[in-house]
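Chains A and B are the protein sequences, given in the same order.
Positions 28 to 302 (my numbering) are the ones given, in order, by the first sequence.
Positions -6 to 300 (my numbering) are the ones given, in order, by the second sequence.
Okay, derived cross-link-like pairs now, DSS-like style, lysine-lysine, Cα gap no bigger than 25 Å in a straight line:
| # | chain 1 | residue 1 | chain 2 | residue 2 |
| --- | --- | --- | --- | --- |
| 1 | B | Lys247 | B | Lys237 |
| 2 | B | Lys247 | B | Lys68 |
| 3 | B | Lys110 | A | Lys289 |
| 4 | B | Lys237 | B | Lys68 |
| 5 | B | Lys68 | B | Lys56 |
| 6 | A | Lys35 | B | Lys110 |
Listed next, the stretches of chain A that the computed footprint assigns to chain B, with coverage defined by at least 3 CB atoms under 8 Å from CB atoms of chain B:
| # | region |
| --- | --- |
| 7 | 64 to 73 |
| 8 | 107 to 120 |
| 9 | 127 to 133 |
| 10 | 206 to 219 |
So these bits of chain A aren't anywhere near chain B, every CB distance computed over 10 Å:
| # | residue |
| --- | --- |
| 11 | Ala36 |
| 12 | Thr94 |
| 13 | Val97 |
If you are wondering where the hints come from, they were derived from the structure by calculation, not from laboratory data.
Small disclaimer: the values here were computed from a predicted structure and weren't measured.
All C-beta atoms, glycine included, are put in the ideal place defined by N, C-alpha and C.
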Amino acid sequence: MVRPKWNKALRRTFLYAFVVFFSAPFIFVFVWMVMASLKTQLQNTAIPPLLFFEPTLANYDKVFNRTPVVQYFLNSVIIALGSTGLGLLLGLPAAFSIAVWRQHFLALTVLSSRILPGMSYLLPWFILFSTIRQIGTHQAVILSHLTVTMPLVIWILIGFFEDLPGELFDAARIDGCSIYGTFMRVALPLSMPGVVVSGILAFIFSWNNFMLSLILGGSAVRTLPVAVYSFMGETMIDWGGLNATATTVTLPVVLFVLIVQKHVVRGLTLGAVKG
Amino acid sequence: MSQVPAVPVRAPVRRRSFNLFDERNARYLMPAPAVLAIVGMMVFPVVYTMWMSFQSWFASSPKGPIFVGLDNYVKLITQDARFSGAFVRTIVFTTLAVGLQTILGIAMALVFNEEFKGRGIFRSLFLLPMMATPVAVSLVWLMMYDPTSGLLNYLLSLIGQPPSIWVADQSIALLCLVVVDSWKFTPLVMLIVLAGLSALPTDPYESAAIDGANSAQLLWHITLPLLRPTIMVAVLFRSIDALKTFDSIFVITKGGPVYASETLNIYSFIQAFEYFNMGYSSALLMIFFALVMGVSVVFMRLRRVSW
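Given the sequences, and given the hints that come with them, work out the whole structure.
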């Protein structure tokens, strides 16, 4: 299509204007979070809000040295790693089985676990775990996060296993490999990118989880999101400290998201959209 | 996968004779641990919740559960105004949030489908709102909604408007939360629609161009109808999740002021973990559960028809 040049230039300008207009709010919230974490309380409550100021690391110093944030960080890491590891351990063979033997019913069951409200698991577990005195333990939180990580691993890996050519499995079988050997030595190594992607996504979802950790972790095993929430309950809201903690929680997620970016949408829609 | 990669299999792989039982039953053995986990962690809890919904039990009292039949349900539906309010609010919240995200998401997808420098960077940045820790971003929104030093009131003052108390105002608290949810998930709808746009066939556009269609007509009569299945997927996933929104509501308003932003998820949480009214909360959860399932089934039906 031939267009006059000025028309094209105008179109460009409008396009860029739209791009900036639409993206600004989505990015700004993160900028504001980091800025608030570098401001003093006085600067944070200043009217009009300050765009330019002398940044200070005092909030980070305070949060890391005078609150147990390092402990909360460790709790978050232990729980996210534990539930991701467990999710991979249980989810990988299941995904392989669903892909190879076309177990649609099982696939649907896993899908329905994504539809169920988390509250309907949480209440029975709370009763169960308080009966056996396991509230406020790492294992209770890890087990509960398994409902987030395992279905995710299964859904992403089904896609990866189905994409592998079936002839490879046949060849391995003819060479004398058992089904388990085919899984361990052929399917898994070839699906490593999928394993990494699903592992990272599972880690993020466990890391971000709030409701399950809040109740099952209690005050003994606080994860970072729960810590942010409990800091907010203090009488005098310390915006700088809060945002420093919030930035600390968000930073690993940002790094991970940038690694797996192509698969995020697929993970969020259970493979319905190949992004 | 377009190319068959080299298989790192050392021959002979076989080290011991097959265990025939394991081999024949691999299709049951391999998913067995996951199935056990699903039964133990998801199916059993739901069955237990259903059983508990027929009981009257306060976890704070030393007395055990008492069977009360359908009492909890009857009380919820006929007497509890807080429940009916939460039910309506859940549907209003979901409709507004998903509607706004879908319209904005499609509009943004059309803009970002154009070729321009740095498009890839923007697409990556758009992943952040939906993936960043919900509690952390909710905190930033709470700060921006702050009535005295919040950024939004400052922006209002710039255009000469009186300040608002935002989430502290009963009449707009739910709307403020719709905005937060849309901030998080409009980019998701956009990315789903973008994936759909990139898969569209080019033939219809060529024939329409020959017929002299203008770009508005192309959009309305070709692009949008062809995108329908993709948009349905986005609406399905967003609706299921929006019904269950917890983190942002709990952190920003905790269902307040009064009950102005209390949805079913929040109300059942408060019944269970603040009042320890386990039987009542379970009945509430069963109704909530039925609602989420109902919405999912309706959308899946719609999807089947249109595909």
